[in-house]
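**Q** Each chain is listed here by its residues.
Protein chains: 2
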Amino acid sequence: MMECIDELHKNRNLRELKKYLNEINPADIAQLLESIDDEKKRVFLFRMLSKETAAETFVEFDFDTQENLIRAFSDTELKEVLDEIYIDDAADIIEEMPASIVKRILRNTDTETREAINTILKYPEDSAGSIMTPEFVDLKKDMTVSDAFKRIRRTGVDKETIYTCYVTDESRHLIGVTTVRELFLNDYDDTIEDFMETNVISINTLDDQETASRALSKYDFLAMPVVDMENRLVGIITVDDAIDVLQEENTEDIQKMAAIVPTDTPYLKTSVIETWKKRIPWLLLLMVSATITSQILTVFENKLSALSVLIAFIPMLMDTGGNSGGQASVTIIRSLSLGEIDLKDIFKVIWKEFQVAVVCGISLSLVCFAKLMLLDRIIFGNSEITFAVAFVVSLTIFIEIICAKIIGCTLPIFAKKLGFDPAVMASPFITTIVDAVSLLIYFGFATLILSI
Amino acid sequence: MMECIDELHKNRNLRELKKYLNEINPADIAQLLESIDDEKKRVFLFRMLSKETAAETFVEFDFDTQENLIRAFSDTELKEVLDEIYIDDAADIIEEMPASIVKRILRNTDTETREAINTILKYPEDSAGSIMTPEFVDLKKDMTVSDAFKRIRRTGVDKETIYTCYVTDESRHLIGVTTVRELFLNDYDDTIEDFMETNVISINTLDDQETASRALSKYDFLAMPVVDMENRLVGIITVDDAIDVLQEENTEDIQKMAAIVPTDTPYLKTSVIETWKKRIPWLLLLMVSATITSQILTVFENKLSALSVLIAFIPMLMDTGGNSGGQASVTIIRSLSLGEIDLKDIFKVIWKEFQVAVVCGISLSLVCFAKLMLLDRIIFGNSEITFAVAFVVSLTIFIEIICAKIIGCTLPIFAKKLGFDPAVMASPFITTIVDAVSLLIYFGFATLILSI
Chain P
499 MMECIDELHK NRNLRELKKY LNEINPADIA QLLESIDDEK KRVFLFRMLS
549 KETAAETFVE FDFDTQENLI RAFSDTELKE VLDEIYIDDA ADIIEEMPAS
599 IVKRILRNTD TETREAINTI LKYPEDSAGS IMTPEFVDLK KDMTVSDAFK
649 RIRRTGVDKE TIYTCYVTDE SRHLIGVTTV RELFLNDYDD TIEDFMETNV
699 ISINTLDDQE TASRALSKYD FLAMPVVDME NRLVGIITVD DAIDVLQEEN
749 TEDIQKMAAI VPTDTPYLKT SVIETWKKRI PWLLLLMVSA TITSQILTVF
799 ENKLSALSVL IAFIPMLMDT GGNSGGQASV TIIRSLSLGE IDLKDIFKVI
849 WKEFQVAVVC GISLSLVCFA KLMLLDRIIF GNSEITFAVA FVVSLTIFIE
899 IICAKIIGCT LPIFAKKLGF DPAVMASPFI TTIVDAVSLL IYFGFATLIL
949 SI
Chain B
499 MMECIDELHK NRNLRELKKY LNEINPADIA QLLESIDDEK KRVFLFRMLS
549 KETAAETFVE FDFDTQENLI RAFSDTELKE VLDEIYIDDA ADIIEEMPAS
599 IVKRILRNTD TETREAINTI LKYPEDSAGS IMTPEFVDLK KDMTVSDAFK
649 RIRRTGVDKE TIYTCYVTDE SRHLIGVTTV RELFLNDYDD TIEDFMETNV
699 ISINTLDDQE TASRALSKYD FLAMPVVDME NRLVGIITVD DAIDVLQEEN
749 TEDIQKMAAI VPTDTPYLKT SVIETWKKRI PWLLLLMVSA TITSQILTVF
799 ENKLSALSVL IAFIPMLMDT GGNSGGQASV TIIRSLSLGE IDLKDIFKVI
849 WKEFQVAVVC GISLSLVCFA KLMLLDRIIF GNSEITFAVA FVVSLTIFIE
899 IICAKIIGCT LPIFAKKLGF DPAVMASPFI TTIVDAVSLL IYFGFATLIL
949 SI
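Protein chains in written order, with this note's numbering: chain P, 499 to 950; chain B, 499 to 950.
Think of the hints as simulated: they come from the structure by calculation, not from any bench.
Incorrect hints may have been included.
Said to hold, decoys possible - A few chain B positions that, by computed beta-carbon distances, are all more than 12 angstroms from chain P:
#, residue
1, Asp504
2, Glu537
3, Arg540
4, Glu668
5, Arg679
6, Gly820
Claimed, not checked - Think about it this way: if two alpha-carbon atoms lie no more than 25 angstroms apart in a straight line, the pair counts; the simulated DSS-like pairs of lysine-lysine are:
#, chain 1, residue 1, chain 2, residue 2
7, B, Lys869, P, Lys775
8, P, Lys776, B, Lys846
9, B, Lys517, P, Lys639
10, B, Lys716, P, Lys716
11, P, Lys549, P, Lys601
12, B, Lys620, B, Lys601
13, P, Lys869, B, Lys776
14, P, Lys767, B, Lys716
15, B, Lys538, B, Lys517
16, P, Lys776, B, Lys869
17, B, Lys648, P, Lys648
18, B, Lys648, P, Lys776
19, B, Lys716, P, Lys516
20, B, Lys516, B, Lys549
21, B, Lys516, B, Lys538
22, B, Lys850, B, Lys801
23, B, Lys846, P, Lys539
24, P, Lys767, B, Lys846
25, B, Lys549, P, Lys716
26, B, Lys915, B, Lys842
27, P, Lys538, P, Lys549
28, P, Lys539, P, Lys508
29, B, Lys539, P, Lys846
30, B, Lys549, B, Lys508
31, B, Lys850, P, Lys775
32, P, Lys517, B, Lys716
33, B, Lys601, P, Lys539
34, B, Lys549, B, Lys601
35, P, Lys716, B, Lys869
36, P, Lys620, P, Lys639
37, B, Lys538, B, Lys508
For every residue, glycine included, the Cβ atom is placed at its ideal position computed from N, Cα and C.
Isolated chain P (complex conformation):
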């Protein structure tokens, strides 16, 4: 597509260029324009867009591009874009812009919109209130289907979704919900009260945005109504925003599991120092925590020098323990996050992990024993690996896997119980703990069985 745009741009074939651009989906236009480094050209092409497409494209840009464009806009252009975009998108943009631009934006919106934006901005970050939009269709219970259609036709153009309609009383309490589909399936003179769903599922403004999005997905809603403490309907969260929230939360979980402080800036747009800031805290903490393994090794230093063949298995034992524990912790973290298991399932989980650990432990220690005795000792003729040494290493694997899986499955649940995010209890953290435990088990058996 870019080649075609470049060609039309170079030949100053503006009419064709305009037509071509305006036929592309706004999400694609945004991607195309963001890939252009020449800022003047980008602004020029953006100005080719029709008012509506321009606004739809604008909300798809990342915040840097939005900031640059706003700086290039005249007040009239800014107003045109602001008039077309939804209030939740406007609030998102304002949250990320520097003060001077925020002032310009607020100066160019009407009083009503400004107040609506300010309401959303007041809710805590990551709350349902902070991502909702007040642009929903509200109906009254005594309206007929035909009244409802008229109202939707009249006011629908400004609503983020028209397909789910909310029925409120005089004090704006949410008393029912219906859909355009239901409206279609009833007769024009049926009253809404007679077929609306009265058992309305809603979310509170202060609930977490992830809770709201998961509930929306669970109930297959196109929008989730958001109510205040008095059950007054104040906004809705639409399904497209819920998907974005779920994807962001997944990314955050994955980052935490990899010992990274979460960020929602795309990789290539994060500066080196920003990336460093997100990665160094856990690296430092984990490095310092590894002091404990160094201490354990120091204590056993002399014994190790006496039977140095034991040193060779340290990395393998540590990795196997870490991997086993990591599998358990990551499985539990994900299940907690998807709501498949709960704090009360802890004993079921431990019992299950214990059984899995026993089977995994038997398989791995048998393979390890066979490998040491057949491959290393008999085929490669490494005479240092005696039956006793192979036995100690294999026994360590068996016991360390049981410990690793139990530690791996309990720590995320405890973290959740204490109100922390279970995701930080993933592989890197578990590995550090399991390393120490594995070494203690290893040297314990070595001392006992090999009498060193």
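Based on these hints, arrange chain B on the given structure of chain P.
**A** Same frame as chain P, now just chain B:
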């Protein structure tokens, strides 16, 4: 809720029980009924549901519960449920049921439905075709808004979504798309052709279901049209199914990153042996791969015995390398999966990771050096830690972090280039490679600087 149901059930207050149950959202009813161990009671309660609610609840159950219920159903009951559910849900269920139940299901559906189900079942697993439903609203371009409304009112009850309408020609080619919202915003006698969107975005039946779902989310669609090789519209994927696909793919990615063979069965429903099967392949592979680190240690065994203080730092060096590499690989895997970076960005990525690695390396090696010299040597009086030893350890950290980050960021990109899933190149795999590299760097510097 369960207490109330139990109470009504015990008192045989069937009228109230029926009323109470049918007011609950089907997703919640499914959860409640699944928590009941007594199968007879579950079937009894299920039979209290109205036909429509029963069907909506049925598709929310897991496959085990569905199978048990079908076994308890009479043919009439089965037919009633099947008549109400959507074709994509029916296909999902059939795919998971044993042959005897599949036969019963197909015997109780009409020919048309049976053919539609068979079409979906023929598409490869995880393809767009395998999750689509043929129940969409199709319009003709010369219809007026009022014709369209009539058609939606007449046929809409059986469609999975009515809000996005597809315009097809006589040969079922997809030539346009419009929405109920657009229909509302135009006059009753306007012709669809005049306002329909002709630049239609669609997905091919054989495209990956994840690609389809990501595209739906990118364009904020409520449904994604699926076309065959001849651009004939054969089905749609609705937004609720797309969310489920995205969540499943996220779970799979996370499992792969933790060295687990992916599964979509919830944790507590997977048997011990199933869980073992998913975890043992990677554990075994990684354990055997760790042989290389054992070999390296064996080679340097004598040198280590000569200066045994060096042994103590092995776990710390291995963990730090593994964590640094894991951070890089997981970041890149996620960015690849979200489409934020592409194969062509490889040099940008390497350059960025190199810079991040240098800053991380400087920070960590300085902290490590300070800790060794000040804390361990001066305060704890460990005289084995000489300036040279501290220097070797710190220098190893610096260099290993650079290697780890470069390995961590390139392997997922190479995996993608070769057509593998980048997610398997996460922490556990990277750790095994980085371990070996770290040890070589460590012993290299030790030999050079400490002349052992």
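**Q** Evaluate each hint against the coordinates.
**A** Here's how the hints hold up against the structure:
| no. | hint | result |
| --- | --- | --- |
| 1 | Asp504 | holds (18 angstroms) |
| 2 | Glu537 | holds (20 angstroms) |
| 3 | Arg540 | holds (20 angstroms) |
| 4 | Glu668 | holds (25 angstroms) |
| 5 | Arg679 | violated (6 angstroms) |
| 6 | Gly820 | violated (7 angstroms) |
| 7 | B:Lys869 with P:Lys775 | holds (21 angstroms) |
| 8 | P:Lys776 with B:Lys846 | holds (19 angstroms) |
| 9 | B:Lys517 with P:Lys639 | holds (22 angstroms) |
| 10 | B:Lys716 with P:Lys716 | holds (21 angstroms) |
| 11 | P:Lys549 with P:Lys601 | holds (23 angstroms) |
| 12 | B:Lys620 with B:Lys601 | holds (17 angstroms) |
| 13 | P:Lys869 with B:Lys776 | holds (22 angstroms) |
| 14 | P:Lys767 with B:Lys716 | holds (19 angstroms) |
| 15 | B:Lys538 with B:Lys517 | holds (20 angstroms) |
| 16 | P:Lys776 with B:Lys869 | holds (22 angstroms) |
| 17 | B:Lys648 with P:Lys648 | holds (17 angstroms) |
| 18 | B:Lys648 with P:Lys776 | violated (57 angstroms) |
| 19 | B:Lys716 with P:Lys516 | holds (23 angstroms) |
| 20 | B:Lys516 with B:Lys549 | holds (12 angstroms) |
| 21 | B:Lys516 with B:Lys538 | holds (17 angstroms) |
| 22 | B:Lys850 with B:Lys801 | violated (37 angstroms) |
| 23 | B:Lys846 with P:Lys539 | holds (24 angstroms) |
| 24 | P:Lys767 with B:Lys846 | holds (11 angstroms) |
| 25 | B:Lys549 with P:Lys716 | holds (21 angstroms) |
| 26 | B:Lys915 with B:Lys842 | holds (10 angstroms) |
| 27 | P:Lys538 with P:Lys549 | holds (19 angstroms) |
| 28 | P:Lys539 with P:Lys508 | holds (11 angstroms) |
| 29 | B:Lys539 with P:Lys846 | holds (24 angstroms) |
| 30 | B:Lys549 with B:Lys508 | holds (24 angstroms) |
| 31 | B:Lys850 with P:Lys775 | holds (14 angstroms) |
| 32 | P:Lys517 with B:Lys716 | holds (23 angstroms) |
| 33 | B:Lys601 with P:Lys539 | violated (63 angstroms) |
| 34 | B:Lys549 with B:Lys601 | holds (23 angstroms) |
| 35 | P:Lys716 with B:Lys869 | violated (51 angstroms) |
| 36 | P:Lys620 with P:Lys639 | violated (31 angstroms) |
| 37 | B:Lys538 with B:Lys508 | holds (14 angstroms) |
In terms of the numbered hints stated before, the structure departs from hints 5, 6, 18, 22, 33, 35, 36, listed from lowest to highest.
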